[in-house]
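Asks: Start from the sequences and build out the full structure, keeping to the hints where you can.
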Amino acid sequence: MKKRKNIKYLLWMMPAVFLFISVWSAHSGMNEVKQIIENAGTPFDDVKSIEAVLLLPVNTVLVKEKYQGGLFHAETRKDKIERFQCSRCHNHKEVMGERSAEIAHGDIALVHGGKEKPLSCFTCHKKDERDFLVTENGIKVDMDHSYQLCGKCHFRQEKDWVGGAHGKRVSFWAGKRVVKNCTSCHDPHSPLFQKQWPKTYSRPLQK
Amino acid sequence: MGHFKNMDYKKKKKYNRDRSKQCGRREFLKGTAKAAAIGSTAMVFGCGNGLFGSKDKFALQWKEYFKKNYRLMTQEEKDETVQRLELLAKVKRDADIQMSSKEPIEGVLFGYAFNVTRCEGFMECVAACVKENNLDRKAHTQYIRIFEMEPGEMTPESGNGQYFHEVPVENHFYMGVQCFHCQNAPCVRACPTKATWIEPDGIVVVDYDWCIGCRYCMAACPYYGRRFNWNEPHVPLREMTKKQHYLGNRMRTRGQMEKCTFCVQRSRQGRLPACVEACPTGARVFGNLLDPKSEIRFVLKHKKVFRLKEALGTDPKFWYFID
Chain A
1 MKKRKNIKYL LWMMPAVFLF ISVWSAHSGM NEVKQIIENA GTPFDDVKSI
51 EAVLLLPVNT VLVKEKYQGG LFHAETRKDK IERFQCSRCH NHKEVMGERS
101 AEIAHGDIAL VHGGKEKPLS CFTCHKKDER DFLVTENGIK VDMDHSYQLC
151 GKCHFRQEKD WVGGAHGKRV SFWAGKRVVK NCTSCHDPHS PLFQKQWPKT
201 YSRPLQK
Chain B
1 MGHFKNMDYK KKKKYNRDRS KQCGRREFLK GTAKAAAIGS TAMVFGCGNG
51 LFGSKDKFAL QWKEYFKKNY RLMTQEEKDE TVQRLELLAK VKRDADIQMS
101 SKEPIEGVLF GYAFNVTRCE GFMECVAACV KENNLDRKAH TQYIRIFEME
151 PGEMTPESGN GQYFHEVPVE NHFYMGVQCF HCQNAPCVRA CPTKATWIEP
201 DGIVVVDYDW CIGCRYCMAA CPYYGRRFNW NEPHVPLREM TKKQHYLGNR
251 MRTRGQMEKC TFCVQRSRQG RLPACVEACP TGARVFGNLL DPKSEIRFVL
301 KHKKVFRLKE ALGTDPKFWY FID
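Each protein sequence line maps, in turn, to chains A and B.
Reminder that position 138 of the first sequence reads as 138 in the numbering used here, one-by-one numbering, no gaps.
Reminder that position 166 of the second sequence reads as 166 in the numbering used here, one-by-one numbering, no gaps.
In short, the hints are calculated from the structure, not lab data.
Please read all numbers here as calculations on a predicted model, not as lab measurements.
Heads up, some of the hints might be wrong.
Quick list of in silico lysine-lysine cross-link-like pairs, DSBU-like style, CA-CA up to 30 Å [claimed, not checked]: (1) 48(A) - 304(B); (2) 303(B) - 152(A); (3) 242(B) - 195(A).
A few chain B residues facing chain A, derived, Cβ under 10 Å [as the list claims (entries may be wrong)]: (4) 93; (5) 111; (6) 113; (7) 127; (8) 155; (9) 168; (10) 171; (11) 172; (12) 223; (13) 291.
To spell it out: a stretch of chain B is covered by chain A in this simulated footprint if at least three of its residues, at any positions, have a beta carbon under 8 Å from a beta carbon of chain A; those stretches are [as the list claims (entries may be wrong)]: (14) 61-74; (15) 144-154; (16) 158-167; (17) 187-201; (18) 265-279.
All C-beta atoms in this analysis are idealised placements derived from N, C-alpha and C, irrespective of residue type, glycine included.
Replies: Rendered as structure tokens:
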């Protein structure tokens, strides 16, 4: 008789236990990173939160595209080109002088584009206005905004770059968003990274 | 009395010869215990530095030994401690350091993403990390490890970290591991002295002076993210990073546990960690998880991401993603 009473008591306890477990698991799930991220929706106020005033690094341009947080900046290109402006030589007159092309641009080795369809100078450079680049549709592109041109073929990379999955930010994770331009990392004439020796070595994990 | 004093001094001197001039809590306590047995005069030698040059230094060190756990300090105490450490660094090592005890920024939870497709194994990040965090050059301590992996392999345990050839190599990919700053960190629960904890901005930190060196946390970490100082860390003075944080890259001593702190001295000032800044391929993404406009949130939303050993429930804030 007593035994049966005990079983009855246990059966009554079951829902309570279940309820406790479910509440507890739901509660512990609240602290998971995934949940925290889903709950966080307010944009971070950089100016209020970070004491040090985060100035824009010099030589940046406002990118003509928007990312999820609004406008952002990219590193410039023109000031890093040794012989800019190109129109100093390439103006309406033809460039005279023997071997001038070799002397001026002999260091450029064009390794860009597939084997079936290699690129030439004027795939990207505008023939009649040498300070600018040009897309295949004939749209003029400023050298500082080269992403507009690169993105015509590498559109997936451009999308990632605008969002933040390709390329990288310059120095700060907070403050005004400043990212590296395409040409900050890639040499436009041979965009693939060169092979190089590793800086150091790593020990096996379990040591 | 004098005889005893002398003997103790000689012993200490011998003991200290191969231990450099550092002294930690443990040595001091040892010293004081001995001193109590012999006589209070010997206390002066407790610290292993031999004779103290000045009273001030002794006072500084005395205060340093009996400081509180970082989490129990008030802001004034933190400021005082930090100042004291700056002074001590000047006295002991002739190093002009600037130490901060900057609090976590509100509304920030740090997260990290690593692009497995982009990493080419140059190991620039490892070198930058060693330099930034004043890691032991003699013992070759590194927080980050990069492994060359066979295609399809997903366990860094079997990866090869010692590749002596030009990279990248065809048909291989590179995977970096470091501390993943788990939100449910097993190392924190393993610590018997509460010397390690998760800061409100998600960084798992260590109060080096409260670490007793039991290495329980090292055993508890399923990602092998913690490093132990078996010996006095050796960092040349001219290579030392002078901008330090109490919980970050300040100098450790023998018998203390250390780990990646997402470069707390940098990230709390809005700067990127040294590894992210050094990465030449842009494989590393760092940012605020609570900010919907941050890059890390974009990666989590739009990319295929995964975490290591997710089944353990450690909930790391470090994601791998592929293009």
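Asks: Can you verify the interface hint for residue 171(B): is its Cβ closer than 10 Å to any Cβ in chain A?
Replies: Result: violated, 14 Å to nearest chain A Cβ.
Asks: So, as I understand it, the hint says residue 155(B) touches chain A; can you test that by seeing if any CB pair is closer than 10 Å?
Replies: 9 Å, holds
Asks: Should the interface hint for residue 223(B) be scored as holding, given a Cβ-Cβ cut-off of 10 Å against chain A?
Replies: 8 Å, holds
Asks: Under 10 Å, Cβ to Cβ, is where residue 111(B) needs to be relative to chain A, so tell me if that hint holds or is violated.
Replies: 8 Å, holds
Asks: Is the hinted pair residue 303(B) and residue 152(A) satisfied, with a Cα-Cα distance of at most 30 Å?
Replies: Holds - the C-alpha atoms of residue 152(A) and residue 303(B) are around 21 Å apart, at most 30 Å.
Asks: Mind checking, does the segment 144-154 of chain B have 3 or more residues with a CB under 8 Å from chain A?
Replies: Holds, because 4 residues of the segment 144-154 of chain B bring their Cβ atoms closer than 8 Å to Cβ atoms of chain A.
Asks: Answer holds if the nearest beta-carbon of chain A is closer than 10 Å to that of residue 113(B); otherwise answer violated.
Replies: 8 Å, holds
Asks: Count the residues of the segment 265-279 of chain B whose CB lies closer than 8 Å to any CB of chain A, then report whether that count reaches three.
Replies: holds (count 8)
Asks: Can you tell me if the segment 187-201 of chain B counts as covered by chain A, using C-beta to C-beta distances under 8 Å and a minimum of three residues?
Replies: That given contact is violated, which follows from only 0 residues of the segment 187-201 of chain B lying within Cβ reach (below 8 Å) of chain A.
Asks: Take the shortest C-beta to C-beta distance between residue 127(B) and chain A; is it under 10 Å?
Replies: 4 Å, holds
Asks: When I compare C-beta atoms, does the segment 61-74 of chain B have three or more residues closer than 8 Å to chain A?
Replies: It is violated, with 0 qualifying residues against the three required.
Asks: Would you settle whether the hint for residue 291(B) is holds or violated, based on the nearest Cβ-Cβ distance to chain A being less than 10 Å?
Replies: 4 Å, holds
In terms of the numbered hints stated before, the structure departs from hints 1, 3, 4, 10, 11, 14, 17, listed from lowest to highest.
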